[in-house]
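Protein chains: 4
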Amino acid sequence: MSGKPLAQAEVELTIPFHDVDMLEIAWHGHYCRYFEIARCALLDSIGYGYVSMRASGFVWPIIDLQLRFVRPARFGQRIRVSAQLVEYEYRMRIKYLVSDSETGTPLVKGHSIQVAVDAQSGQMCYASPAVFLQRLGIQSDD
Amino acid sequence: MSGKPLAQAEVELTIPFHDVDMLEIAWHGHYCRYFEIARCALLDSIGYGYVSMRASGFVWPIIDLQLRFVRPARFGQRIRVSAQLVEYEYRMRIKYLVSDSETGTPLVKGHSIQVAVDAQSGQMCYASPAVFLQRLGIQSDD
Amino acid sequence: MSGKPLAQAEVELTIPFHDVDMLEIAWHGHYCRYFEIARCALLDSIGYGYVSMRASGFVWPIIDLQLRFVRPARFGQRIRVSAQLVEYEYRMRIKYLVSDSETGTPLVKGHSIQVAVDAQSGQMCYASPAVFLQRLGIQSDD
Amino acid sequence: MSGKPLAQAEVELTIPFHDVDMLEIAWHGHYCRYFEIARCALLDSIGYGYVSMRASGFVWPIIDLQLRFVRPARFGQRIRVSAQLVEYEYRMRIKYLVSDSETGTPLVKGHSIQVAVDAQSGQMCYASPAVFLQRLGIQSDD
Numbered sequence: 000m001s002g003k004p005l006a007q008a009e010v011e012l013t014i015p016f017h018d019v020d021m022l023e024i025a026w027h028g029h030y031c032r033y034f035e036i037a038r039c040a041l042l043d044s045i046g047y048g049y050v051s052m053r054a055s056g057f058v059w060p061i062i063d064l065q066l067r068f069v070r071p072a073r074f075g076q077r078i079r080v081s082a083q084l085v086e087y088e089y090r091m092r093i094k095y096l097v098s099d100s101e102t103g104t105p106l107v108k109g110h111s112i113q114v115a116v117d118a119q120s121g122q123m124c125y126a127s128p129a130v131f132l133q134r135l136g137i138q139s140d141d
Numbered sequence: 000m001s002g003k004p005l006a007q008a009e010v011e012l013t014i015p016f017h018d019v020d021m022l023e024i025a026w027h028g029h030y031c032r033y034f035e036i037a038r039c040a041l042l043d044s045i046g047y048g049y050v051s052m053r054a055s056g057f058v059w060p061i062i063d064l065q066l067r068f069v070r071p072a073r074f075g076q077r078i079r080v081s082a083q084l085v086e087y088e089y090r091m092r093i094k095y096l097v098s099d100s101e102t103g104t105p106l107v108k109g110h111s112i113q114v115a116v117d118a119q120s121g122q123m124c125y126a127s128p129a130v131f132l133q134r135l136g137i138q139s140d141d
Numbered sequence: 000m001s002g003k004p005l006a007q008a009e010v011e012l013t014i015p016f017h018d019v020d021m022l023e024i025a026w027h028g029h030y031c032r033y034f035e036i037a038r039c040a041l042l043d044s045i046g047y048g049y050v051s052m053r054a055s056g057f058v059w060p061i062i063d064l065q066l067r068f069v070r071p072a073r074f075g076q077r078i079r080v081s082a083q084l085v086e087y088e089y090r091m092r093i094k095y096l097v098s099d100s101e102t103g104t105p106l107v108k109g110h111s112i113q114v115a116v117d118a119q120s121g122q123m124c125y126a127s128p129a130v131f132l133q134r135l136g137i138q139s140d141d
Numbered sequence: 000m001s002g003k004p005l006a007q008a009e010v011e012l013t014i015p016f017h018d019v020d021m022l023e024i025a026w027h028g029h030y031c032r033y034f035e036i037a038r039c040a041l042l043d044s045i046g047y048g049y050v051s052m053r054a055s056g057f058v059w060p061i062i063d064l065q066l067r068f069v070r071p072a073r074f075g076q077r078i079r080v081s082a083q084l085v086e087y088e089y090r091m092r093i094k095y096l097v098s099d100s101e102t103g104t105p106l107v108k109g110h111s112i113q114v115a116v117d118a119q120s121g122q123m124c125y126a127s128p129a130v131f132l133q134r135l136g137i138q139s140d141d
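Protein chains in written order, with numbering that gives the first Met the number 0: chain A, 0 to 141; chain B, 0 to 141; chain C, 0 to 141; chain D, 0 to 141.
With the rest of the complex left out, here is chain A:
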């Protein structure tokens, strides 16, 4: 694989009041939502968003999620959430970086892993379905 990622996206968000806890920082669990917004932007960018996934006969549940909290975010802070596809052959692995929009200071890092599941049979796929690889511009051997 060359240095250029196959798919990536970046979104900007503002920490809303209702995401901030008693410690006056964005509650850690909300980053799952911020990650998802960036992940959806990434998948939309290759024409394989949730609606398209389902039309293709697959769902891609999250099977693994990791978050490392480096610095807290405050109410009203502008954050940038970038998502980058780093594995795609057997499963979809996406890396995330949340940083301060203005300064670029890293706030949270993480990744998610998803696997394709055949929507009809409910069976997990041992390799990524051809439809996903095609959206990435990769010819599959199927």
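Don't take every hint at face value.
Treat identical chains as interchangeable: a pair holds within one or across any two.
Taking lysine to aspartate or glutamate and the EDC-like style, the derived pairs with C-alpha atoms no more than 20 Å apart in a straight line are [said to hold, decoys possible]:
#, residue 1, residue 2
1, Lys-108, Asp-63
2, Lys-94, Asp-43
3, Lys-108, Glu-11
4, Lys-94, Asp-63
Bear in mind the hints are in silico, worked out from the structure with no lab data behind them.
Starting from the structure of chain A, add chains B, C and D where the hints point.
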């Protein structure tokens, strides 16, 4: 209608850390969730929970929701949420009271209004479907 | 009062996956969050956001919230949330309209009522504090 | 360390309607909330809940969170969330297991890592403060 409500339910909840905001009180919007937990208990008590609704061919979207906040709730506070069915003929109107579990002090009052929608046609029903009235022990004229 | 509102704001949002329920519509309770984002934009526009409020010695808890659901919103739908200040002398009453960004079709209407509370004493104020009226460009009699 | 954990707790929850997504499963991010409810029960069981933490002059932000999703949970499903303290000397590491209440089938596994931060100075502590070790019944060398 006699004084006895046709259907009612009561649930007890503890305010979790992630529901508490910078003012150190349960964020007002979370009461929509607390109301829903009591509403589901009420509908379950008459055998007309969400799964049963859908099996009967209807969904019941919320069309109106009102909340009046009397006193704030704190992290770890035990609250009681009671729900009472107060209208059923043309729509489902449920009244809620959130109170402190120990003292009974009222915290939040409110109501929700739902109407039946035919799941197939997407048409709103002008009167409650017979299946709902039967669960309430009421004979319908249909 | 003339036809021009004293303060108003408008924000655009996209319905994220995690806000959509089993009925494939944005869950009704999430509109409390959408309202809040517009309300914060409105208060920021007059220099009286949450941080400024607290610095002025007051908090403004929500005491009443009403939502009327006209049409559902779907995953990925762009929505516009407008907020307009309609009462300010004794309490802050804000009206909301959520509509489809493209077509302008109304989706949800509502209002919130907040009262000023002295942060030190915890006492509710019977009239809006001078600091708030000044932000609105109104001379108070205090 | 013997086989007996220093601290553990178990809570039972019911998956509410508003936690379920379009795939008709509990949205993955909500498990951060379920973990937290069990974590708070664990900390309460040793008399070192959030209020007690803060009174002791420390906050314990989450710096790492990992979740592995084994099987989905459905609307109305009863789940058991167990939390177990597995590291305490330099940081607090808690392991979680979410399982079906009835069958015991594992649904989600994970862990969280927290470090003590001096509330006044904002400095991270290189070892757990004595107050925490005392709650665990451990004599500290401080």
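Any hints from earlier that this structure breaks? Give me their numbers in increasing order, please.
Failing hints: none at all.
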